[in-house]
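K.L.:
Protein sequences appear in the order of chains A, B, C and D.
Residues 352 to 561 in my numbering are what the first sequence lists, from first letter to last.
Residues 352 to 561 in my numbering are what the second sequence lists, from first letter to last.
Residues 352 to 561 in my numbering are what the third sequence lists, from first letter to last.
Residues 352 to 561 in my numbering are what the fourth sequence lists, from first letter to last.
Hints listed in this document are in silico derivations from the structure and should not be mistaken for laboratory results.
This one's a predicted model, so the numbers in the text were calculated from it and none came from an experiment.
Any given hint could turn out to be false.
Since copy identity is lost for identical chains, a pair holds within one copy or between any two.
To be verified - With a straight-line Cα cutoff of 20 angstroms, these simulated EDC-like cross-link-like pairs (lysine to aspartate or glutamate) come out:
| no. | residue 1 | residue 2 |
| --- | --- | --- |
| 1 | LYS478 | GLU361 |
| 2 | LYS478 | ASP419 |
| 3 | LYS478 | GLU421 |
| 4 | LYS478 | ASP467 |
| 5 | LYS478 | GLU489 |
| 6 | LYS478 | ASP514 |
| 7 | LYS478 | ASP377 |
| 8 | LYS478 | ASP496 |
| 9 | LYS478 | GLU536 |
| 10 | LYS478 | ASP395 |
| 11 | LYS478 | GLU509 |
| 12 | LYS478 | GLU500 |
| 13 | LYS478 | ASP498 |
| 14 | LYS478 | ASP513 |
| 15 | LYS478 | ASP426 |
| 16 | LYS478 | ASP360 |
| 17 | LYS478 | ASP413 |
There are 4 protein chains.
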Amino acid sequence: MTDVRPATDELSLRAAQLIAAGRALDARGLVPATSGNLSARLSDGRFAVTASGPHKGRLTADDVLAVDGEGRSADGRRASAETGLHLQLYRRLPDVHAVLHPHAPAATVLSRLSGDRVVLEGYELLKALPGIETHDVEVVVPVFDNDQEIPRLAARVEAWMDDHGPPLGYLIRSHGLYTWGANVEAALRHVEAFEFLFECELRLRGVDRP
Amino acid sequence: MTDVRPATDELSLRAAQLIAAGRALDARGLVPATSGNLSARLSDGRFAVTASGPHKGRLTADDVLAVDGEGRSADGRRASAETGLHLQLYRRLPDVHAVLHPHAPAATVLSRLSGDRVVLEGYELLKALPGIETHDVEVVVPVFDNDQEIPRLAARVEAWMDDHGPPLGYLIRSHGLYTWGANVEAALRHVEAFEFLFECELRLRGVDRP
Amino acid sequence: MTDVRPATDELSLRAAQLIAAGRALDARGLVPATSGNLSARLSDGRFAVTASGPHKGRLTADDVLAVDGEGRSADGRRASAETGLHLQLYRRLPDVHAVLHPHAPAATVLSRLSGDRVVLEGYELLKALPGIETHDVEVVVPVFDNDQEIPRLAARVEAWMDDHGPPLGYLIRSHGLYTWGANVEAALRHVEAFEFLFECELRLRGVDRP
Amino acid sequence: MTDVRPATDELSLRAAQLIAAGRALDARGLVPATSGNLSARLSDGRFAVTASGPHKGRLTADDVLAVDGEGRSADGRRASAETGLHLQLYRRLPDVHAVLHPHAPAATVLSRLSGDRVVLEGYELLKALPGIETHDVEVVVPVFDNDQEIPRLAARVEAWMDDHGPPLGYLIRSHGLYTWGANVEAALRHVEAFEFLFECELRLRGVDRP
Numbered sequence: 352m353t354d355v356r357p358a359t360d361e362l363s364l365r366a367a368q369l370i371a372a373g374r375a376l377d378a379r380g381l382v383p384a385t386s387g388n389l390s391a392r393l394s395d396g397r398f399a400v401t402a403s404g405p406h407k408g409r410l411t412a413d414d415v416l417a418v419d420g421e422g423r424s425a426d427g428r429r430a431s432a433e434t435g436l437h438l439q440l441y442r443r444l445p446d447v448h449a450v451l452h453p454h455a456p457a458a459t460v461l462s463r464l465s466g467d468r469v470v471l472e473g474y475e476l477l478k479a480l481p482g483i484e485t486h487d488v489e490v491v492v493p494v495f496d497n498d499q500e501i502p503r504l505a506a507r508v509e510a511w512m513d514d515h516g517p518p519l520g521y522l523i524r525s526h527g528l529y530t531w532g533a534n535v536e537a538a539l540r541h542v543e544a545f546e547f548l549f550e551c552e553l554r555l556r557g558v559d560r561p
Numbered sequence: 352m353t354d355v356r357p358a359t360d361e362l363s364l365r366a367a368q369l370i371a372a373g374r375a376l377d378a379r380g381l382v383p384a385t386s387g388n389l390s391a392r393l394s395d396g397r398f399a400v401t402a403s404g405p406h407k408g409r410l411t412a413d414d415v416l417a418v419d420g421e422g423r424s425a426d427g428r429r430a431s432a433e434t435g436l437h438l439q440l441y442r443r444l445p446d447v448h449a450v451l452h453p454h455a456p457a458a459t460v461l462s463r464l465s466g467d468r469v470v471l472e473g474y475e476l477l478k479a480l481p482g483i484e485t486h487d488v489e490v491v492v493p494v495f496d497n498d499q500e501i502p503r504l505a506a507r508v509e510a511w512m513d514d515h516g517p518p519l520g521y522l523i524r525s526h527g528l529y530t531w532g533a534n535v536e537a538a539l540r541h542v543e544a545f546e547f548l549f550e551c552e553l554r555l556r557g558v559d560r561p
Numbered sequence: 352m353t354d355v356r357p358a359t360d361e362l363s364l365r366a367a368q369l370i371a372a373g374r375a376l377d378a379r380g381l382v383p384a385t386s387g388n389l390s391a392r393l394s395d396g397r398f399a400v401t402a403s404g405p406h407k408g409r410l411t412a413d414d415v416l417a418v419d420g421e422g423r424s425a426d427g428r429r430a431s432a433e434t435g436l437h438l439q440l441y442r443r444l445p446d447v448h449a450v451l452h453p454h455a456p457a458a459t460v461l462s463r464l465s466g467d468r469v470v471l472e473g474y475e476l477l478k479a480l481p482g483i484e485t486h487d488v489e490v491v492v493p494v495f496d497n498d499q500e501i502p503r504l505a506a507r508v509e510a511w512m513d514d515h516g517p518p519l520g521y522l523i524r525s526h527g528l529y530t531w532g533a534n535v536e537a538a539l540r541h542v543e544a545f546e547f548l549f550e551c552e553l554r555l556r557g558v559d560r561p
Numbered sequence: 352m353t354d355v356r357p358a359t360d361e362l363s364l365r366a367a368q369l370i371a372a373g374r375a376l377d378a379r380g381l382v383p384a385t386s387g388n389l390s391a392r393l394s395d396g397r398f399a400v401t402a403s404g405p406h407k408g409r410l411t412a413d414d415v416l417a418v419d420g421e422g423r424s425a426d427g428r429r430a431s432a433e434t435g436l437h438l439q440l441y442r443r444l445p446d447v448h449a450v451l452h453p454h455a456p457a458a459t460v461l462s463r464l465s466g467d468r469v470v471l472e473g474y475e476l477l478k479a480l481p482g483i484e485t486h487d488v489e490v491v492v493p494v495f496d497n498d499q500e501i502p503r504l505a506a507r508v509e510a511w512m513d514d515h516g517p518p519l520g521y522l523i524r525s526h527g528l529y530t531w532g533a534n535v536e537a538a539l540r541h542v543e544a545f546e547f548l549f550e551c552e553l554r555l556r557g558v559d560r561p
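Chain A on its own, in the form it takes in the complex:
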C-alpha cells in the first residue's frame, strides 16, 4: 500500500500542475475549443495525460488520467488520442518529464506556409530554450504532415530524431506545436518562447517581401 500512496499523491500534484498550465495556455488563446493536450511523467513508469474531450482551460482533476507506457488507463477511460506522440517523447528522451501541445493560430498558419522545417535564427529569445547560449544560432523545428494514424506519425517523429537527433520542439502541419521540458514549468516556458518566435516569423512574412 505504501507503494501506491506516493504515486497517487504524485498524480494529484502533476494533475494540479497540468490544470494550471491549461489555464495559462487558455489565457493566451492557445487551447481553443477542445484542442491541445498536456502530460507529465510519473515516477512509477506511468504518465499523467489529459482526457479526450474537455476544454483544456477548464480542466478538473478528473480530466487527468494515469496511463501506462502503452497509453492504457487502469479504469478504461480514454486518454487524448495523441497520447502516442507524448509516449514517443518520454521513451526517447529520459530527461523529459512534461510534454505540452498547444494550438495557436501563428503556429498553425506558419506550418501551412513552410516546407519540412521552420528555421528560427538570430532571436535573443532562442536563449529561453534549453542548451541555447547565444542568439547567433539556427534552431530547426521540423514540420510533419498531419496524420490521424498516431502510431505512423509517432514513427515519423522517431525516424527524424534518428537522423537529426532530438529537436527542441516540432510542428504538425495545420495542427500546432509539440514541445517539452524537465518539468511542467520548463515545458510551459518553451511554449511561450516558441509561440513568440512563430508570431514574429509570421509577422515578418507579412511585411518583409520584396
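With chain A held as given, fit chains B, C and D onto it using these hints.
P.N.:
Just chains B, C and D now, with coordinates in the frame of chain A:
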C-alpha cells in the same frame, strides 16, 4: 401549476448559461457594442433569446426573454431582431438546443473577401466540430449577403439547407458567424473553433499571396 | 448650499462613470501611457473632465475635474489639454452628455493611411451607432490633421460640422478617435463599435489589394 | 546600523515596484518565457535588478537582487546577464532611476526590418515621452546589433550617446526595447508608449507598400 414551474426553472438555468456564454465571448472581444445574440431551446417549445439592446458581455437575467415559435414574448418585450434566424435553425434542426451569433473582426473581414462560401480544409481543429473525424476534409461555410429583412434572410438559409443539407455554421457578409450545438457549451466550443479557423484563414491571406 | 450639494453628488457620479470607462478602455489597450481623455456634461453647465497626466486606466476621483464652459477649474488644476475639443462638442450638440477619446493602434494607423475621411460601409455593426438602422449605408468619419493649437483644431471641427452636419465621430490624424453619446455608457458603446470597424478596415487593407 | 535599515527598506519598496511592473508587462504579453529584465536605482549607490532566470510576470522579492556599480551582488547570486546595459544607463544619466527591458513581438520584428534606427514621427503619443511637446517631431530610436558580449554592447550604446546625445530608448536587433525614466512608473509609461508606436509602425508597413 406544476407545468409552469419546471419551465420557469429551466428558463433561469438557460438564462444563466447564456449570460456566462456572453461573458466568455466578450472576454475574447467577440461581442463589441450591442452586437451578437444568443439563444437556447426550452423543453416547452419556447426559446430563451437575448433582448435587443444590452451589451452581451454584461447580460442580466432580465435581458433573456422567453419567446414562442413566432418570436413573440409573453410580456411584449422585444427579443433580438435576428430571432427569426435562430428560430429557422431550431425548426429545421431538432437536435440543436443552443444558437450563438458572435461578431468578430476576422469573421467579418473574411466574409467581405469571400464569394458565397468559405472552405476550410486541412485543419486539425476542424475535429472540434460535430461529425468531423479527420483533418483531411473540406468544411463548407456558406456566406449569405446581409439583409435587414430577417424573414427573407432566414428563407435563403432554409433554401441553402434544402440544396446542400445543414452546414455546421454560416456567415452573413460584413456581419459575422452563426453556429449552434446540442447545448450552450457545445455551441460555444463551435464558436471558438470557427473563430480560430477564420483567424488562421485571414492571416494566411495576408502572407500567402504570390 | 442646496444648490451646491446636488451638483457635487452629480460630479461624483459622473467621475465614477468616467473611471469605470477608463478601466474598460484600458482592458482593451485603448489608452496606452498617458493617452486618452474622457468627459461628461454636468447639469449646472459645467463638465467633468479627466486631468492632464494620469493613466486613464487607473483614474481616481481626484483625477476628474469640474471645469466651466471655458475649460477652467475652480481650484486652478489643469484639465486635459484637449478639453477644448470636448467643449466644442458640448456647445454644438446639446444632446451629447459624454465624450470619449481613446487611442488605439488601428485608428491611429488608419488615419495615417487615409485622406480627409474614412468611409465605413456595409457593416452590420454600423447599427450600433445612433440613427443607423441598416448596414446598407455609408458612414463618413472625417479625418482632421493633428494640431497642437486646440482652439484652431476645434474651429476646423466646427467648420466641418457647418458644412456637413455633425458626424458620429471623427479621427485626428496619427492621434485617434473622438466619439460621444447621450451618456457615458452610450459613448463607450460607440467607441467599441468604431474601434471594431477600424480594425476591420485595417485588416481588409492588409489583404485585399490587387 | 541606521545606515543599513533605510537602504534595506528602500530595496523592498523598489522590489515591490519592479514586481508590479513585471506583472503589468506580462499582462500585455511583453515578457514571454524568461525574457525581459527590470531595475531601479537605490539611494546608496546600488541598484535593484531582477535575477537571471525567473519569469518576469511572476517575480517574488527573492528574485530582485541588490548589486553594486559593477553588477556584483553581496551574496554572490547572479543578476540578469544584461545588468551591464542597465548600469551604463545609470552611470550616464543621473536622473534615470528605473530601466525596463520588455520583449515584444512588434519591437522584435521591427528591429529586424530596420537599419541602424527607427524614426517615429507625427504620432500624438510621442508626447507621452519626456521632453516631447508636439507630435510634429522626429524621435530617433537607435537599433544596435545584438551581441552576447554585454560590455561591448554597452560600449556601443555609450559611443552612440557620445555622438548623438541620449535617446529616449533604444532597440537591440531581434531582441527588444530598452527604455527608462525618473521612476518605475515613468519607465513603464515609456514602455507602453514605445510598444504602441512600434505596433503602429509595423502595421503601417503591412499595408502601406506601393
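K.L.:
Which hint numbers doesn't this structure obey?
P.N.:
1, 2, 3, 4, 6, 10, 11, 14, 15, 16 and 17
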